[in-house]
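Visitor: Sequence:
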Amino acid sequence: PGAGSREPGAGSREPGAGAGSREPEPGAGAGSREPGALRTTTSTVPTSEWDTIRPLRRVLVVVRTPATLRRLQDVVQGLLGDHRVEVRFTVDKGSEFSGGLPDRLTGAGALLMPWQEACRARFDLALAASDKSALHLIDAPVVLMPHGAGYHRRSTTDPDDVSGLRRSAFIADDSVLPHTVVVAHEHQVATLATVDPRLAKHAMVTADPCLDRVVASESLRLPHRRSFAAGNRRMVLLCSTWGPNSLFGTDLRLAERLVTTLPADEFRVAMTLHPNIWRRHGRMQVLAWLRPAIAAGLALLPQDEDWRPGLLAADVVVSDHGSLTCYAAAAGRPVLLATNGGPEVVPGSPLAGLLAALPTLHPGTLTGPLPTPVADEVTAAVFRERGTSATALNQLFYRIMNLPDPPTRAVPEPVPPAEIEIAEPTHYRTTVRHTLFAADHVHLSIERTTARWPEPSAPLSAEETTPDLAILESATSVWTNTPFPDTETATDYARGMLHRFPGTRLTTAATQDQTIATLRDGTVITAHTTTTLSATTAALHWWSTAPRRPHHITLEAGASSGVIRL
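One point on numbering: in full-length UniProt numbering, the residue at position 534 of the sequence shown is 534, and numbering is uninterrupted.
It should be emphasised that the hints constitute simulated quantities derived from the structure, not laboratory data. Note that the Cβ used here is the ideal one computed from N, Cα and C, for glycine as well. Accuracy of the hints is not assured; some may be wrong.
Claimed, not checked - Simulated DEER-style distance windows between Cβ atoms:
#, residue 1, residue 2, range
1, D440, E413, 52 to 58 Å
2, A352, T47, 48 to 54 Å
3, L469, M284, 44 to 50 Å
4, D440, A356, 55 to 61 Å
5, Q395, R167, 46 to 52 Å
6, L469, V411, 51 to 57 Å
7, R257, D174, 21 to 27 Å
8, L436, A356, 44 to 50 Å
9, R549, A288, 34 to 40 Å
10, P414, G522, 38 to 44 Å
The task is simple: from the sequences and hints, build the whole structure.
Guide: Put into structure tokens, the structure is as follows:
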């Protein structure tokens with residue numbers, strides 16, 4: 001094969017003089033994959049009569065799975081903003097999980113190029129984040145990076161191999177394929193060298209771009225918590241990688257158990273699932289599995305939503321052996337293990353060391369004092385440095401493209417808050433913690449859960465549209481979320497609910513500024529409240545059974561605390 005050939009084995013991919021620098025410097029000539037090599041051509045961009053802006057260089061982003069897309073989106077933002085560079089995306093559809101990616105990319109406004117066409121074209125730079133992509137077919141200097149936190153898991157196809165280190169992605173016909181392999185720690189360079197010693201000369205160690213975006217977004221923690229309606233609740237984030245040894249694979253109902261047993265006004269339980277779970281099992285099936293938990297208040301991050309808003313909002317993380325465990329620990333969050341991944345974790349890897357240092361989730365762990373985050377030296381074995389990835393990668397990209405750096409400094413892009421819908425539970429069980437009477441006032445402390453099972457000491461309240469009729473039949477109080485224009489219509493409706501639900505003792509309905517409660521004995525109460533209607537209903541039900549009935553209630557109920565005046 002001659003110059004410019006895409007055939008594996010072309011000599012242009014072989015390292016030559018000067019290889020070994022981890023900070024590539026200008027060196028070899030056109031077409032070379034040698035670290036630091038510059039093309040001498042002025043442009044690979046074909047001109048078109050339809051152009052408004054004519055770029056000088058063309059970059060190809062090779063996407064294989066949703067996880068690789070997320071990583072590549074982290075590193076390509078600086079290039080997208082440079083009018084001198086045209087960025088095109090292509091989908092290598094060889095993966096079980098690549099379905100839907102073309103539509104997702106075009107929906108985001110990306111310039112999409114069919115894979116076959118991309119393999120026939122020439123580019124000044126190609127970016128990839130999967131060792132399973134057919135990189136030998138791409139005519140461009142390739143920068144390859146992991147799509148997670150390094151090389152620490154066994155391959156799903158060969159348990160003796162390490163995921164991310166498929167030899168054919170790095171070596172073809174005894175030539176090194178990638179121009180540069182970007183890693184987050186020196187130990188990953190040593191791991192690369194086990195595939196082929198020459199790869200160490202093509203490695204570049206820099207900060208992890210995903211972690212850098214998390215760190216850059218910590219000042220936005222409050223907006224992120226607002227997007228989850230966390231308030232002053234303790235937010236628990238459940239993170240699951242994919243596969244049978246994952247959190248989701250080993251305990252499908254963990255989210256439901258936590259969201260129904262933890263005090264609803266004191267905890268917000270959120271969950272993020274690896275994209276491969278959604279792709280393999282389908283959105284319809286996954287949502288059906290989690291429907292009871294969602295109805296009970298689980299904040300489930302949608303299929304294509306970034307998981308990082310959940311981490312930024314979280315107070316504690318429950319996870320497994322996935323990369324999110326590494327990022328959560330490095331971000332200083334307390335992490336509890338639901339499962340440790342078993343045989344999937346490479347012994348002696350930094351992840352194995354991190355997992356060994358993390359406590360295990362046990363009943364009662366989340367309601368007590370949170371565990372101390374792991375020491376910095378533990379996460380330092382996974383990530384060497386922070387905050388430098390945007391600058392270092394942009395310098396690498398522009399050096400390869402033989403373009404001067406753009407005038408604006410590259411910085412990590414803050415993570416925007418998630419767009420997430422959280423269903424308010426339609427039933428609660430209420431336990432009175434304590435009461436303190438003083439004249440015409442009572443301080444009432446309650447704990448509410450969304451548990452379904454009968455608890456004689458915990459009265460059940462329900463919203464009138466609760467789909468489970470057994471809950472409505474067992475409820476001792478019922479409220480309606482339907483707003484009413486005046487107290488008369490609200491009172492009539494509340495009385496009507498007493499007839500519809502003969503087992504209930506009290507019903508409530510609300511106008512814009514008042515809550516009307518009707519009792520089975522005919523009593524009608526007008527209340528002014530600063531808390532939610534469901535919490536007001538629970539408090540008024542207690543009031544209706546109390547030996548004394550004061551006109552002022554100070555309600556202590558976590559995020560639903562407030563004052564009720566009768």
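Visitor: Now tell me if each hint is right for this structure.
Guide: Against the structure, the hints:
The given range of 52 to 58 Å is respected by D440 and E413, whose C-beta atoms sit roughly 56 Å from each other. Checked against the given bound of 48 to 54 Å, the beta carbons of A352 and T47, roughly 53 Å apart, stay inside it. Remark: the range hint 44 to 50 Å for L469 to M284 is contradicted by a beta-carbon distance near 25 Å. Checked against the hint of 55 to 61 Å, the pair D440 and A356 passes, with Cβ atoms roughly 58 Å apart.
A hinted range of 46 to 52 Å is violated for the C-beta pair Q395 and R167, which are about 29 Å apart. In this structure the supplied range 51 to 57 Å holds for L469 paired with V411, their Cβ-Cβ distance being about 55 Å. Between R257 and D174 the Cβ separation comes to about 54 Å, which falls outside the hinted range of 21 to 27 Å. The hint said 44 to 50 Å for the Cβ distance between L436 and A356, and at roughly 47 Å that hint holds.
At about 45 Å, the CB distance of R549 to A288 disagrees with the hint of 34 to 40 Å. The hint said 38 to 44 Å for the Cβ distance between P414 and G522, and at roughly 58 Å that hint is violated.
In the structure shown, a violation is registered for the earlier hints numbered 3, 5, 7, 9, 10, in ascending order.
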